[in-house]
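Peer 1: One-letter residues, chain by chain:
Number of protein chains: 2
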Amino acid sequence: PPPRSGRTSWSLRMSEAAQRTTNPIRAIVDNMKVAPNPDKPVISLALGDPTVFGNFNLHASCVDAVKKQLDSYKANGYPPATGMEVARDAVARKYSTPEAPLTSKDVILASGCSGALELVIGALANAGQTMLIPRPGFSVYATIADSKGIKYKYYDLDPSKNWEVDLDHLEAQIDETTAFILVNNPSNPCGSVYSAAHLRAILDVAERHYLPVVADEIYADMVFSGQTFTAMAQLTSTVPVLAVGGLAKKWLVPGWRMGWILIHDRADAFKDVRVGLQKLSQVIIGSNSLIQAALPEILHNTPQSFYDETNAQLERHAKVAMELLGKVKGLKVVVPQGAMYCMLGIETDLFKDVKSDVEFTEKLMAEQSVMCLPGQCFKYPNYIRIVLCPAEDKLREACQRIAEFCDHHRK
Amino acid sequence: PPPRSGRTSWSLRMSEAAQRTTNPIRAIVDNMKVAPNPDKPVISLALGDPTVFGNFNLHASCVDAVKKQLDSYKANGYPPATGMEVARDAVARKYSTPEAPLTSKDVILASGCSGALELVIGALANAGQTMLIPRPGFSVYATIADSKGIKYKYYDLDPSKNWEVDLDHLEAQIDETTAFILVNNPSNPCGSVYSAAHLRAILDVAERHYLPVVADEIYADMVFSGQTFTAMAQLTSTVPVLAVGGLAKKWLVPGWRMGWILIHDRADAFKDVRVGLQKLSQVIIGSNSLIQAALPEILHNTPQSFYDETNAQLERHAKVAMELLGKVKGLKVVVPQGAMYCMLGIETDLFKDVKSDVEFTEKLMAEQSVMCLPGQCFKYPNYIRIVLCPAEDKLREACQRIAEFCDHHRK
Ligand SMILES: Cc1ncc(COP(=O)(O)O)c(C=O)c1O
Ligand SMILES: Cc1ncc(COP(=O)(O)O)c(C=O)c1O
Numbered sequence: 003p004p005p006r007s008g009r010t011s012w013s014l015r016m017s018e019a020a021q022r023t024t025n026p027i028r029a030i031v032d033n034m035k036v037a038p039n040p041d042k043p044v045i046s047l048a049l050g051d052p053t054v055f056g057n058f059n060l061h062a063s064c065v066d067a068v069k070k071q072l073d074s075y076k077a078n079g080y081p082p083a084t085g086m087e088v089a090r091d092a093v094a095r096k097y098s099t100p101e102a103p104l105t106s107k108d109v110i111l112a113s114g115c116s117g118a119l120e121l122v123i124g125a126l127a128n129a130g131q132t133m134l135i136p137r138p139g140f141s142v143y144a145t146i147a148d149s150k151g152i153k154y155k156y157y158d159l160d161p162s163k164n165w166e167v168d169l170d171h172l173e174a175q176i177d178e179t180t181a182f183i184l185v186n187n188p189s190n191p192c193g194s195v196y197s198a199a200h201l202r203a204i205l206d207v208a209e210r211h212y213l214p215v216v217a218d219e220i221y222a223d224m225v226f227s228g229q230t231f232t233a234m235a236q237l238t239s240t241v242p243v244l245a246v247g248g249l250a251k252k253w254l255v256p257g258w259r260m261g262w263i264l265i266h267d268r269a270d271a272f273k274d275v276r277v278g279l280q281k282l283s284q285v286i287i288g289s290n291s292l293i294q295a296a297l298p299e300i301l302h303n304t305p306q307s308f309y310d311e312t313n314a315q316l317e318r319h320a321k322v323a324m325e326l327l328g329k330v331k332g333l334k335v336v337v338p339q340g341a342m343y344c345m346l347g348i349e350t351d352l353f354k355d356v357k358s359d360v361e362f363t364e365k366l367m368a369e370q371s372v373m374c375l376p377g378q379c380f381k382y383p384n385y386i387r388i389v390l391c392p393a394e395d396k397l398r399e400a401c402q403r404i405a406e407f408c409d410h411h412r413k
Numbered sequence: 003p004p005p006r007s008g009r010t011s012w013s014l015r016m017s018e019a020a021q022r023t024t025n026p027i028r029a030i031v032d033n034m035k036v037a038p039n040p041d042k043p044v045i046s047l048a049l050g051d052p053t054v055f056g057n058f059n060l061h062a063s064c065v066d067a068v069k070k071q072l073d074s075y076k077a078n079g080y081p082p083a084t085g086m087e088v089a090r091d092a093v094a095r096k097y098s099t100p101e102a103p104l105t106s107k108d109v110i111l112a113s114g115c116s117g118a119l120e121l122v123i124g125a126l127a128n129a130g131q132t133m134l135i136p137r138p139g140f141s142v143y144a145t146i147a148d149s150k151g152i153k154y155k156y157y158d159l160d161p162s163k164n165w166e167v168d169l170d171h172l173e174a175q176i177d178e179t180t181a182f183i184l185v186n187n188p189s190n191p192c193g194s195v196y197s198a199a200h201l202r203a204i205l206d207v208a209e210r211h212y213l214p215v216v217a218d219e220i221y222a223d224m225v226f227s228g229q230t231f232t233a234m235a236q237l238t239s240t241v242p243v244l245a246v247g248g249l250a251k252k253w254l255v256p257g258w259r260m261g262w263i264l265i266h267d268r269a270d271a272f273k274d275v276r277v278g279l280q281k282l283s284q285v286i287i288g289s290n291s292l293i294q295a296a297l298p299e300i301l302h303n304t305p306q307s308f309y310d311e312t313n314a315q316l317e318r319h320a321k322v323a324m325e326l327l328g329k330v331k332g333l334k335v336v337v338p339q340g341a342m343y344c345m346l347g348i349e350t351d352l353f354k355d356v357k358s359d360v361e362f363t364e365k366l367m368a369e370q371s372v373m374c375l376p377g378q379c380f381k382y383p384n385y386i387r388i389v390l391c392p393a394e395d396k397l398r399e400a401c402q403r404i405a406e407f408c409d410h411h412r413k
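Heads up: the protein sequence lines correspond to chains A and B, in order. Each residue of the first sequence is one higher than the one before, starting from 3 at the first, in the working numbering. Each residue of the second sequence is one higher than the one before, starting from 3 at the first, in the working numbering.
Each hint should be verified, as a subset may be incorrect.
Which copy? The list can't say, so a pair holds if one copy fits it or any two copies do.
Once the Cα atoms are required to be at most 35 Å apart in a straight line, the calculated DSBU-like pairs of lysine-lysine come out as [as the list claims (entries may be wrong)]: (1) LYS153 <-> LYS273; (2) LYS252 <-> LYS76; (3) LYS153 <-> LYS331; (4) LYS69 <-> LYS96; (5) LYS107 <-> LYS365; (6) LYS96 <-> LYS70; (7) LYS321 <-> LYS76; (8) LYS273 <-> LYS35; (9) LYS107 <-> LYS396; (10) LYS413 <-> LYS334; (11) LYS107 <-> LYS42; (12) LYS42 <-> LYS76; (13) LYS42 <-> LYS273; (14) LYS96 <-> LYS35; (15) LYS396 <-> LYS69; (16) LYS76 <-> LYS381; (17) LYS69 <-> LYS252; (18) LYS396 <-> LYS76; (19) LYS381 <-> LYS163.
Hint data in this document are derived by calculation from the structure and do not stem from the laboratory.
Could you build all of it, start to finish, from the sequences and the hints given here?
Peer 2: Dropping the structure here:
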């Protein structure tokens, strides 16, 4: 008789959920497979990791804070699923404002901002429901949704308006399946920083449709001179907002995998969702206990000068890139206002043999050994994203090579 | 006109996935709400966290290994989604055997063993498919499956045979929806350690039905004198095995959230599943980079005496508990062989006013200030689980109080 399992051979398939789950950056980059020019050392402007170049380092006080926890032999046990009270309290104190007050109960810690996004997306949307996400935008939103069978629609950002949201397009995407609107400010990949007025206009759309907002504010406070970061939750007392953030960027430790959710719910709309977030947080118990225990010192004892210097360096780098790339014919440059990225439009009709962003990045690698991500990674063809983190001389050299590349390939 | 969202008020519900997701330990313990006896200090035998009592501490060399990474300023960036090569290599070298060889490509790191289980369960089973899990057994298997809409059936363990698997019952659970068999050895909550012969018998069932095995071996090597831990993968070259483990228990750092998957696939049945695991690992990029970078030293430089002393202390504690509880009328004790737990059967018909495991644990807390988990947390009513980790004098006192409690309540 056939076995009760009905199986007669070892033909195992990955689950449908795994099949659905892809990281588009990985998929596109892995398909590139272009060897760099052996005569030029590779300079990568591809990875959103400020630590790999050696010129951005965490502050020594953060190292000491973690060492202190190691020496205590008291921070090695299981933290509660939502995070240690001292750590949640530290996050609440850091981000509480008079307009949008927070206590430790409004904070959930997670394994990186990605882990926070996974909890938030998983708690707010059913399989088959839709979230609205920005285009161009960070790819992990879709990766997480795909893994859960949650759908998404893109709303457009407008490069001619410093990547502001096209509000009409946003509103046109809304239908009865919409679960929430996700806003990323400051933006990866755009390097844009929204004004309070623009954020209010987005909140107005949310309010009209009773849609909660997920605010991805991992680049909070990372803005250049003349720009102000405004936390979305400060601007509304009616629209419920789940803001996500973490140590990765501002504290320059993406590998530490420390993220958080801030539950802003002054109108009591998230009562049930809050419980849902707590339930989902019990599945894997996200983040490292040493970092949790060190969080009060990391968040509250890192000197302001550290943050200022990070922003100043990023701003200097942005200036260098704009000086060198701003006047290159064939490139449309949108001057970044914060974060650590910049998008460059490729005017393909001005080039003789570069038909797309993917072809641009491939040939740039093959000829100039400069690695960038094609806009397709962010659902935005004919742009490329550059990272502003490499040391100034490297960045300068990379931009010069991009300019040279354009000179060679222009009609 | 009504808004396009169809919504007319802020009535937000958590997602169905969040509703389905529950941690039964949390649910049962939170419902107990019993105040301890104010005249007796509380002793908790409830939490599977060896670090909370102060008598089990990680080895100083592990502290130094992490400090070294902090001082290097080189281990703060994003690790690859599946884990750093040096870390995966360290795990492979630690667990490779001639019968079941491993290389770094066969290792995936995750956020704790729970994170490893989440990847494994998510890669092997579709929503609606079934996994077979032990009863009594660790509750997170069901929590993970519930969050994904994956079903499960329980197979029975037999307390009269040191909690061996009831093989007929296991086989009877198999049907066309079965995706895999999960085996936990050494066991939480049983403290049992299976012989190679018994593991082989389980593998025979898997083989007959072409079902892969998930081996939860987080308590690998934590066995008492006369017992031998056998990794399941060593016993088969045909049944594909995903073994999960981590630093939590053997290295006494559950809060560090470092877990791993070992892909044992000598018959090439997991080709597709392996890709699925890699895809799913890209969603949140699990574990802390400092701990990953320190993993070679943690796994390979911790002295053998550290492991031996942990096991010796646990075994002494098990002896103390058995001496004090073994002859108490009304308790059925199954002598543990490893891990850090022991199950005590409650012969409710011998008690005048203790009708269930939940009532036992509640009254024990109220009268004796001793906290244990009722067997219902592990789907096994009329047993309670005790943790063997507290310092010997505390454990002795707790067992004496349990004995006294039984004396008071026996018919
Ligand atoms: C916009 C945005 N959100 C979230 C993340 C993820 O952050 P984490 O590394 O903490 O998971 C990133 C990382 O690049 C990002 O750019
Ligand atoms: C059998 C078993 N598997 C897995 C785990 C989870 O381990 P981790 O804390 O590394 O997620 C535990 C924790 O108690 C356990 O007992």
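Peer 1: Now tell me if each hint is right for this structure.
Peer 2: Here is how each hint holds up against the structure:
1. In this assembly of identical chains, LYS153 and LYS273 lie within 35 Å of each other by CA distance both inside one copy and across copies; the values are 24 Å within and 28 Å between.
2. For the homomeric pair LYS252 and LYS76, the shortest alpha-carbon distances inside one copy (27 Å) and between copies (17 Å) are both at most 35 Å.
3. Proximity of LYS153 to LYS331 under the C-alpha cut-off of 35 Å is found in neither arrangement, the shortest distances being 39 Å within a copy and 59 Å between copies.
4. When the C-alpha separation of LYS69 and LYS96 is checked against a cutoff of 35 Å, the pair qualifies both within a copy, at 22 Å, and between copies, at 27 Å.
5. Taking the shortest alpha-carbon separations for LYS107 and LYS365, only the inter-copy value of 31 Å comes in at or below 35 Å, while the best intra-copy value is 51 Å.
6. Proximity of LYS96 to LYS70 under the C-alpha cut-off of 35 Å is found in both arrangements, the shortest distances being 21 Å within a copy and 29 Å between copies.
7. Taking CA atoms no more than 35 Å apart as the test, LYS321 paired with LYS76 passes between copies only; the shortest distance there is 27 Å, against 46 Å inside one copy.
8. In this assembly of identical chains, the alpha carbons of LYS273 and LYS35 lie at most 35 Å apart only when taken from different copies (22 Å versus 49 Å within one copy).
9. Within a single copy, LYS107 and LYS396 get their C-alpha atoms only as close as 45 Å, which misses the 35 Å cut-off; across copies the closest is 33 Å, which meets it.
10. Taking CA atoms no more than 35 Å apart as the test, LYS413 paired with LYS334 passes inside one copy only; the shortest distance there is 16 Å, against 87 Å between copies.
11. In the homo-oligomer, the alpha carbons of LYS107 and LYS42 lie at most 35 Å apart only across protomers (31 Å), although the nearest pairing inside one protomer, at 53 Å, exceeds that limit.
12. Taking the closest pair of Cα atoms, LYS42 and LYS76 come within 35 Å of each other only across two copies (25 Å); inside a single copy the shortest separation is 50 Å, beyond that limit.
13. Proximity of LYS42 and LYS273 under a CA criterion of 35 Å is satisfied in neither setting, with 57 Å inside one chain copy and 37 Å between copies.
14. When the C-alpha separation of LYS96 and LYS35 is checked against a cutoff of 35 Å, the pair qualifies only between copies, where the shortest distance is 33 Å, while the shortest distance within a copy is 44 Å.
15. Taking CA atoms no more than 35 Å apart as the test, LYS396 paired with LYS69 passes in both settings, with 33 Å inside one copy and 31 Å between copies.
16. Taking CA atoms no more than 35 Å apart as the test, LYS76 paired with LYS381 passes between copies only; the shortest distance there is 32 Å, against 46 Å inside one copy.
17. In the homo-oligomer, the alpha carbons of LYS69 and LYS252 lie at most 35 Å apart both inside one protomer (20 Å) and across protomers (22 Å), since each shortest distance falls under that limit.
18. Taking the closest pair of Cα atoms, LYS396 and LYS76 come within 35 Å of each other only across two copies (19 Å); inside a single copy the shortest separation is 43 Å, beyond that limit.
19. For a Cα distance limit of 35 Å, the shortest separation of LYS381 from LYS163 inside one copy, 18 Å, qualifies, whereas the shortest one across copies, 59 Å, does not.
Hints 3, 13 from the earlier list are contradicted by this structure; the remaining hints agree with it.
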